[in-house]
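Novice: Take the sequences, apply the hints, and build the full model.
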Amino acid sequence: MKKLEKSDCRFPSTLKEALELLANESTRGRLLAGGSDLMVQWAAGMEPPPRVISIKGLKELQGIKEDDGAVVIGAGVTHAHIRSSKPVQKHLPALAAAAATVGGPQIQALGTIGGNVANASPAGDLAPALLITGGEAVVASRTGERTIPLTKFFLAYRRIDLKPDEMIVRFVLPKRAAGEIEVFRKLGTRAAQAISKVMCAARFSVKAGSFETCAVALGSVGPTTVRLPKLEEWIIGKSASEETLAEVEKRASDEVSPIDDIRSTAEYRKWVSGRLVRFLLES
Amino acid sequence: MGPKRKIKSGHVGADSTRVDAPDKVRGRAVYTDDIDVPGCWYGKVVRSPVAHGRLRSLKRDEEFDWSRVSVVLPDDIPGKNIADLFIHDMPFIAHDEINYLGEPLALVAAPDRELAEEAARHFHPDIEELPGIFHMEEIVDLYKKQDSSLHSLGEQTTVKGDIEKGFSEADMIVTGEYWAGYQEQLYIEPQAMIAEMTDDGGVFIRGSLQCPYFINPELCLTLNLPPEKIRVKQEMTGGAFGGKEEYPTLIAGYCALLAMKSRHPVKIVFDRNEDILFTTKRHPSWGRLKTGLKKDGTITAIHAELLLNGGAYTTISRVVLARGILHAAMGYRCDNVFVDGRIFKTHTFPCGAFRGFGAPQATWAFESHIEELAKACGMLPQEFRRKNCLVQGDVTPTGMVLKDSVGSPAVLDQVLDRSDFAKKLKQSSRGNPKHKKWYGIGLAFFAHGSGFTGDGEARFKAKGAVELDWIEPNHPGVNIRISSTEMGQGAFTIMDQIAADAISIPLDDVRCPLPDTSLCPNSGPTVASRTTMVVGHTVHGAGLKLKAALEEFASKEVFEGRPVVLENGRFVCSGEALPFRQIAASYLDKHGRLRTEHQFTLPPDLKWDQSTFKGDAYPAFSWGCNAAEVEVDPLTFEIRLKKVTACFDVGRMINPLNCKAQAEGGLVQTIGYALMEKMGIRNGKYDADRMQTYIVPTMPDIPEFDITFVEYPYEFSPPGAKGIGEMPMDGLAPAIANAIENATGLRCNRIPIMPEDLFTLHRAKHQNG
Ligand SMILES: Cc1cc2nc3c(=O)[nH]c(=O)nc-3n(C[C@H](O)[C@H](O)[C@H](O)COP(=O)(O)OP(=O)(O)OC[C@H]3O[C@@H](n4cnc5c(N)ncnc54)[C@H](O)[C@@H]3O)c2cc1C
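Residue numbers (the working numbering), protein chains in the order written: chain Z, 1 to 283; chain X, 1 to 769.
A couple of the hints might just be wrong.
To be verified - Below, computed lysine-lysine pairings styled on DSSO-like, alpha-carbon distance capped at 27 angstroms:
no. : chain 1 : residue 1 : chain 2 : residue 2
1   : X       : Lys434    : Z       : Lys238
2   : X       : Lys642    : X       : Lys436
3   : X       : Lys436    : Z       : Lys238
Claimed, not checked - Pairwise CB distance ranges, derived in the manner of DEER restraints:
no. : chain 1 : residue 1 : chain 2 : residue 2 : range
4   : X       : Arg747    : Z       : Glu145    : 55 to 61 angstroms
5   : X       : Asp33     : Z       : Ala156    : 38 to 44 angstroms
6   : X       : Thr17     : Z       : Met39     : 33 to 39 angstroms
7   : X       : Asp65     : Z       : Gly104    : 43 to 49 angstroms
8   : X       : His124    : Z       : Glu145    : 47 to 53 angstroms
Hints listed in this document are in silico derivations from the structure and should not be mistaken for laboratory results.
Ideal Cβ placement from N, Cα and C applies to all residues, glycine included.
Specialist: Right, dumping it as structure tokens:
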């Protein structure tokens, strides 16, 4: 890429080295993982930064591990890896489904979970599936690690709770409990290579005909991906009946305030948010 | 019954793989951007940041070192500052009134792209901004109010019978309005051109283009050069779809003006963003139909209006409108027809040629309307079409008698049969709340004129040539010399087949080099679904002449005057035979190159009146029918196209494989037109200006295709082909809309049709009870 010729590109071989570079203001640079967001921005005319730190291939950011209660995914893990990972498919099926809808095979082979989250686009497909797990992001700097609940990680449009000397190193994502269902659905303008109009993930359980647990998250309906706390609170203990679901549709729709943009309209998004939540909780 | 279906002889009628494919799939094909011209500079257009205004001045930063670059301003133009495209209403470089955002204010060239781009940023136009008009909605609004502030860029009517009488005979009158949006060609290779000065003071222009003989002579006026000093060569072209029909004259002009000023060869290659923002699109359109019907489904009157958003200047729009109105009420029997077409100006980039050329817009409106007509008289859509469709012997809206080569009702019957239409129509959901997925099937039937409008081909007199020459060292063979271009549609493969058959030699002995105006006669532009039918005919004729000349030579020089026939690559004379290459080599040794030419003619009884638009609108029509099957998700109103059954009559198929490829490609392009490719104008600019936002179908969006052909050859013009290139764009959009209505009970009168539109219609329906 011609435009990067003017940037100082570093290729640290360990996480420690990378964090060292980040720690020092004079060597700090833009982190580059798969580059599938950044390269596009640069090609579209955004001036590339003076310094770039490639974290692609850093071993410490790789791997999907399982412990008793959680699946731990390195920030450098690709969508292709996530969608085909057995533990993710088993314990976090919404995330596996979400990763499978990102772009196409080429993008899935390049793009990473860390990049998707750090990019913090409201249309980032992984975020809803991450938010419903109640999991955490672990970020690191030279001085140590910090753990942030994912529900608090997305601060504003394209902003996450990350300091200039920090990077995301992994995600700790609690497995769904026995009996909990996880579902994901994305609406795009075409079947592949589509940026979402709306996408929705849910993790919930129904016991003896009533909702026992429920987490719902929607993307592309506001400046950040959102959970629906009011709906989640309301639904607990309600019977999984037609009336409840009709009310779910209405409440979910009321709880989001999307906008018009090139991909869709505010009205449709608001309506279809309710429809999607209802559909997911029906499954 | 139609004529015999299988007419095979040698290569014509057989599947032949594309001659240009091996180089393209191996990445060996050399495109304009790959060509390294020594000393070549890079050109950049300085564009207006406002859509409508008056240019007060164009300032330049004094700190910038202008000695390193070359600048062309209106005063530097050697000839007239006019883009000689049909009508002289567009300057090459704006100097006073600015009419669209991006209109050129200056040209700049530099030794490299970065410097050219940098220089372009050092221009500062001072523009008095004026209010503009941008949208089809604004046009239609003013048109309905008969507001005189609308600026017309052209209009045309055609009248048959007595429209008032027709309406007075009707039992009912049905009206409808139908909108269609922009469409971007999105060829894989963006616009690219190189120009360099030649020793004789002329220019040599080469690049990605469809019509070499458009650029020459269209640049004569601007460059102040006679046509023989402007040489144009097509380079390998990665798709065009009309987008490289008239537009390349402009980019070629920019390169040529910069080359003349800088005295360096100059190349311009657009990136995707510039290409989408500042090249032509399909005209947005609005059609209003009013039709008189008898209870039994007889059509007594059709009143059709077709409005096009022409953009800022006329360019090719009148020709597009002509094809539009000739298709606006085409396909069905009716004695009283009034068609009125108009183009209106907006402050947007001039709209231009795009596969179908007005016919998709017209057919979209008319075939949507036909569905309404069937409903109004209580007939099934297939019954109504079957009752009213034009067949052999019928008369079209312009008064053309369909004497022969009429694939109707064959295409309709074939699709109804193969798609099991009647049964599937009954299964359609019509918004049934009990269905988990809404299923619907929809139909469209249409015709598409092949070749130039009316007697255009008769007046144009297209010529094609073949040349016996050394096509490789020690390999005598035949070069086809035509100005038709290969842009991925398979034209050269078909020309090879036609020439090889006419001469009766193997395909290996024939080739079709990229056209060059210094080597090829003018066989016309590669447009209007005319290449196979018209230019194929000239190649066929030239081939027969070459064959005769070689037979005569062989007879005289080898077989002592006995009659000789060249057959399957061998000269045969009463039992003896000599290979083609041997005789060809001895001809070349003795006489050098042999060139024969043939000119296209039309039947002498073809009549056309250009002022009234009455008569034989085209040499022949191709016919088509599409059935679309869709699935709509009642939960989200997402639309999935599941299957398309299509049948076409394109006359004699020269290459069935390629016909199928053309049909598939065109249908895929229409899926985008009908369901995805939404483009609006915001702040004077296209809002979907990159591939991230301009959504075209990808593989998973493509449905099952059932594509078949029926052959009704155009006998007047051997080898009997009609056009196929454009027709696949015509019918699928209305077929999809009709299918969506059968699935949901919601009628969409606007393409592209999005889930958002269905939601709005659904809500409106429920609010109104
Ligand atoms: C054709 C195409 C289609 C696409 N389709 C989709 C889609 O359908 N859905 C979707 O969600 N996205 C899509 N994307 C966007 C993109 O592919 C994803 O967001 C991807 O996951 C980004 O990851 P990356 O590793 O490539 O990020 P990069 O481009 O390398 O980085 C993105 C941002 O994250 C930062 N970053 C990266 N890693 C870290 C880290 N460990 N810690 C802190 N900051 C970090 C970078 O500095 C940068 O700001 C698409 C992109 C393209 C080009």
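Novice: Confirm or reject each hint.
Specialist: Taking the hints in turn, this is what the structure says about them:
1. For the given pair, X/Lys434 sits about 25 angstroms from Z/Lys238 by alpha-carbon distance, which is consistent with the 27 angstroms threshold.
2. At roughly 16 angstroms between alpha-carbon atoms, X/Lys642 and X/Lys436 fall within 27 angstroms of each other, so this suggested pair holds.
3. Taken as a hint, the X/Lys436 and Z/Lys238 pair is honoured in the structure, with Cα atoms around 25 angstroms apart against an allowance of 27 angstroms.
4. A hinted range of 55 to 61 angstroms for the beta carbons of X/Arg747 and Z/Glu145 is consistent with their spacing of about 59 angstroms.
5. Hint check: X/Asp33 to Z/Ala156, Cβ distance near 41 angstroms, so the stated range 38 to 44 angstroms holds.
6. Between X/Thr17 and Z/Met39 the beta carbons are some 36 angstroms apart, a value that agrees with the proposed interval 33 to 39 angstroms.
7. As the Cβ distance of X/Asp65 to Z/Gly104 is approximately 45 angstroms, the hint placing it in 43 to 49 angstroms holds.
8. Taken as a hint, the range 47 to 53 angstroms holds for the pair X/His124 and Z/Glu145, whose Cβ atoms sit roughly 52 angstroms apart.
The structure fails none of the hints (numbered hints given earlier).
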